[in-house]
Amino acid sequence: MQVFLQTFIGGMSLGAIYALVALGFSLVFRTMGLVNFSHGNVVMIGAYLASTFYLSTKLPFALAMVLAVGGTGLIGVIIERVLRPLENKDFDLMLIGTIGFGIVLEALAIIIWGATGNAVPNPVASAPLQLFGLRIRTYDLVVLAIAATAAVLLVFFLQSTKRGAAMQAVAMDHEAATAVGIHVGRSNALAFMLGAGLAALAGGLVGPLLYVNPTMGGALGIKGFAAAILGGFGSIPGAIVGGFAIGVLDAFTAGHFQGYSELVTFLVFTVVIMIRPTGIFGERTVNRA
Amino acid sequence: MSIDTDSPATATTGADFTVEGLTVHYGGVCAVNGISLTVPAGRSVGLIGANGAGKTSALRALMGLVPRKVSAVRFGDTDLARVKARDMVRHGIGYVPEGRHVFVGLPVEKNLLLGAYARPWDAATRASLAEVYELFPVLEEMKDRLAGALSGGQQQMLAIGRALMSQPKLLLLDEPSMGLSPKLVETILAVLQRLKGQGLSMLLVEQNAKLTFEATSTCLVMEHGEVVLSGTSAELSHDARVRKIYLGL
Chain A
0 MQVFLQTFIG
10 GMSLGAIYAL
20 VALGFSLVFR
30 TMGLVNFSHG
40 NVVMIGAYLA
50 STFYLSTKLP
60 FALAMVLAVG
70 GTGLIGVIIE
80 RVLRPLENKD
90 FDLMLIGTIG
100 FGIVLEALAI
110 IIWGATGNAV
120 PNPVASAPLQ
130 LFGLRIRTYD
140 LVVLAIAATA
150 AVLLVFFLQS
160 TKRGAAMQAV
170 AMDHEAATAV
180 GIHVGRSNAL
190 AFMLGAGLAA
200 LAGGLVGPLL
210 YVNPTMGGAL
220 GIKGFAAAIL
230 GGFGSIPGAI
240 VGGFAIGVLD
250 AFTAGHFQGY
260 SELVTFLVFT
270 VVIMIRPTGI
280 FGERTVNRA
Chain B
0 MSIDTDSPAT
10 ATTGADFTVE
20 GLTVHYGGVC
30 AVNGISLTVP
40 AGRSVGLIGA
50 NGAGKTSALR
60 ALMGLVPRKV
70 SAVRFGDTDL
80 ARVKARDMVR
90 HGIGYVPEGR
100 HVFVGLPVEK
110 NLLLGAYARP
120 WDAATRASLA
130 EVYELFPVLE
140 EMKDRLAGAL
150 SGGQQQMLAI
160 GRALMSQPKL
170 LLLDEPSMGL
180 SPKLVETILA
190 VLQRLKGQGL
200 SMLLVEQNAK
210 LTFEATSTCL
220 VMEHGEVVLS
230 GTSAELSHDA
240 RVRKIYLGL
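In order, the protein sequence lines correspond to chains A and B.
Residues 0 to 288 (numbering that gives the first Met the number 0) make up the first sequence, in order.
Residues 0 to 248 (numbering that gives the first Met the number 0) make up the second sequence, in order.
FYI, nobody ran anything at the bench for these hints, they're computed from the structure.
From the three backbone atoms N, C-alpha and C, an ideal C-beta is built for every residue, glycine too.
Any given hint might turn out to be false.
[Stated by the list, open to error] In silico lysine-lysine, DSS-like type, Cα no more than 27 Å apart, as pairs:
{"id": "1", "chain 1": "B", "residue 1": "Lys243", "chain 2": "B", "residue 2": "Lys209"}
{"id": "2", "chain 1": "B", "residue 1": "Lys209", "chain 2": "B", "residue 2": "Lys182"}
{"id": "3", "chain 1": "A", "residue 1": "Lys161", "chain 2": "B", "residue 2": "Lys83"}
{"id": "4", "chain 1": "B", "residue 1": "Lys83", "chain 2": "B", "residue 2": "Lys142"}
{"id": "5", "chain 1": "B", "residue 1": "Lys68", "chain 2": "A", "residue 2": "Lys88"}
{"id": "6", "chain 1": "B", "residue 1": "Lys182", "chain 2": "B", "residue 2": "Lys243"}
{"id": "7", "chain 1": "A", "residue 1": "Lys161", "chain 2": "B", "residue 2": "Lys182"}
{"id": "8", "chain 1": "B", "residue 1": "Lys83", "chain 2": "B", "residue 2": "Lys68"}
{"id": "9", "chain 1": "B", "residue 1": "Lys142", "chain 2": "B", "residue 2": "Lys109"}
{"id": "10", "chain 1": "B", "residue 1": "Lys83", "chain 2": "B", "residue 2": "Lys109"}
{"id": "11", "chain 1": "B", "residue 1": "Lys209", "chain 2": "A", "residue 2": "Lys88"}
{"id": "12", "chain 1": "B", "residue 1": "Lys209", "chain 2": "A", "residue 2": "Lys161"}
[Said to hold, decoys possible] Cβ-to-Cβ under 10 Å is the rule here; a few derived chain A residues that face chain B:
{"id": "13", "residue": "Gly96"}
{"id": "14", "residue": "Gly99"}
{"id": "15", "residue": "Ala165"}
{"id": "16", "residue": "Gln167"}
{"id": "17", "residue": "Asp172"}
{"id": "18", "residue": "Ala175"}
{"id": "19", "residue": "Ala178"}
{"id": "20", "residue": "His182"}
Construct all of the structure, not just a fragment, from the sequences and the given hints.
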């Protein structure tokens, strides 16, 4: 039981990271019906920006994170702006465009930061908490708190603000949205910016847990994508639940199957999706492909 | 223009809406061939014709939702020829799309509020909301339901209500009777007549000629992308040819 709980808690912090990645995937899919295949690489850029600001310029970790989120959000805006002429014209090219952006971002990272990665020291120095015989790293709690705050703010934005409502309207019917006066391109840019900001948050937070390197986007992107699908692609609660599910699953398979852990994780994922193709919170989403 | 029942018909700002030489091509096919029309201030004009005559294309082109060629689009003194589709609402043009196109995953009230997207959301918006609920009481009963859960008739009311939330001076309606039961068509007609009575300018595109003649003062008949006949609705409803083709009499 002790081991079970310890593993479970260990999976939670990575789960929160996957949830953030999944939220970005789902937000862009929800608004544009588009899978942003460069999302994993945007996470990687976020991780590099955060670690660079934190390590080279000796900024406090929180400030480094804020700068990384802002800078990466700007990259999201650029991606949307470049792809915008294809919106409603060639959907397949748009998808391929996001793959292209992923490759460009990875190449840029290698040029700027080199092919080898760097380790980020834990920004929260305090000793682990001892609770009912369990060891809980303080940094894991920080990750959970930040991820929870981001999710709450995102839900508030979508549910309770005019711009959030407009963004959802664009997702459901972009022509009717245009007729009521919504600038569809600007709304999509905002979705991409928020998605990239969430990616940067995930990347910045995962830095001290993993090793920051140019190819980390692939692994994180695919896990976040799986999390979004598992929860129900396009669903906000689904992305959160899916993220934690993949994170905890990861922690258990790592303990039991070592080298084959990823194989087992994705096998479980595949079986779940075969049984329930719409994911846990499967809902009606935009269908344009 | 307010949809307040007490406001007199003279409350219109008195702007005529004029379109000249509107042409729409899809690939090599000409859907609309240089039509011109005018909606005088406070009047309602019908555009009838068979399926595929180009009515919907004409209306969508007026809004700027499809590529078009046009010599002039004027609303009063304002030139709308270069105004983008998303800004038409800011010039007082409300649009009710064919097939309703409500925001299915959002609650009814959010749908209505989004109709007022181009206005600040304030006390005046609340007043407009109350007016729409007064016009369509069923929408108030359903205000927290998702729009996708509404019946076809309720969705049509929602689509009209959403367009009214922008406080338009001209309402463009595309087939509001499509797919509705005769009883619901009567309800929609009553609403259109009430809006007409309040002096709201309207351009009504319809296949249902009977509804159109009752809801409008003048009518245009479209065939193969061109206007082939026009006159007052009363005249046209007694025209032998129109009666034969569009009223089945």
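So, going through the hints one by one against the coordinates:
As the CA atoms of lysine 243 (chain B) and lysine 209 (chain B) are separated by approximately 12 Å, the hinted pair is consistent with the 27 Å bound. For the hint pairing lysine 209 (chain B) with lysine 182 (chain B), the CA-to-CA distance comes to about 14 Å; that is within 27 Å, so the pair holds. Restraint check for lysine 161 (chain A) and lysine 83 (chain B): satisfied, since their Cα atoms lie roughly 21 Å apart, inside the 27 Å limit. At most 27 Å may separate the alpha-carbon atoms for a hinted pair to count; lysine 83 (chain B) and lysine 142 (chain B) exceed this at roughly 31 Å.
The suggested pairing of lysine 68 (chain B) with lysine 88 (chain A) holds, with an alpha-carbon distance near 20 Å, which does not exceed 27 Å. Straight-line distance between C-alpha atoms of lysine 182 (chain B) and lysine 243 (chain B) comes to about 24 Å, which keeps the hinted pair within the 27 Å bound. Taking the CA atoms of lysine 161 (chain A) and lysine 182 (chain B), the gap is about 36 Å. The hint is violated against a cut of 27 Å. About 14 Å separates the Cα atoms of lysine 83 (chain B) and lysine 68 (chain B), which keeps this hinted pair within 27 Å; it holds.
Distance check on the hinted pair: lysine 142 (chain B) and lysine 109 (chain B) sit about 8 Å apart at the alpha-carbon level, within 27 Å; holds. Only pairs whose Cα atoms come within 27 Å are accepted, and lysine 83 (chain B) paired with lysine 109 (chain B) is accepted, the gap being roughly 24 Å. Proximity of lysine 209 (chain B) to lysine 88 (chain A) is assessed by CA-CA distance (about 39 Å); at most 27 Å being required, the pair is judged violated. Distance hint between lysine 209 (chain B) and lysine 161 (chain A) is unfulfilled; the C-alpha atoms sit about 40 Å from each other, more than 27 Å.
Restraint check, glycine 96 (chain A) versus chain B: the minimum CB separation of about 23 Å is more than 10 Å; hint violated. Interface hint at glycine 99 (chain A): violated, since its Cβ lies 28 Å from the closest Cβ of chain B, which is beyond the 10 Å cut-off. Using the Cβ-Cβ criterion of 10 Å, the hint placing alanine 165 (chain A) at the interface with chain B is satisfied: the shortest such distance is roughly 6 Å. The restraint placing glutamine 167 (chain A) at the interface with chain B holds, with a minimum CB-CB distance near 6 Å, inside the 10 Å limit.
Checking aspartate 172 (chain A) against chain B: minimum C-beta separation of about 5 Å stays under 10 Å; hint holds. Nearest Cβ of chain B to the Cβ of alanine 175 (chain A): about 4 Å, under the 10 Å cut. The hint holds. Of the supplied interface hints, the one on alanine 178 (chain A) holds, with its beta-carbon coming within about 4 Å of a beta-carbon of chain B, less than 10 Å. A cut of 10 Å between beta carbons decides the hint on histidine 182 (chain A): the least distance to chain B is about 6 Å, and the hint holds.
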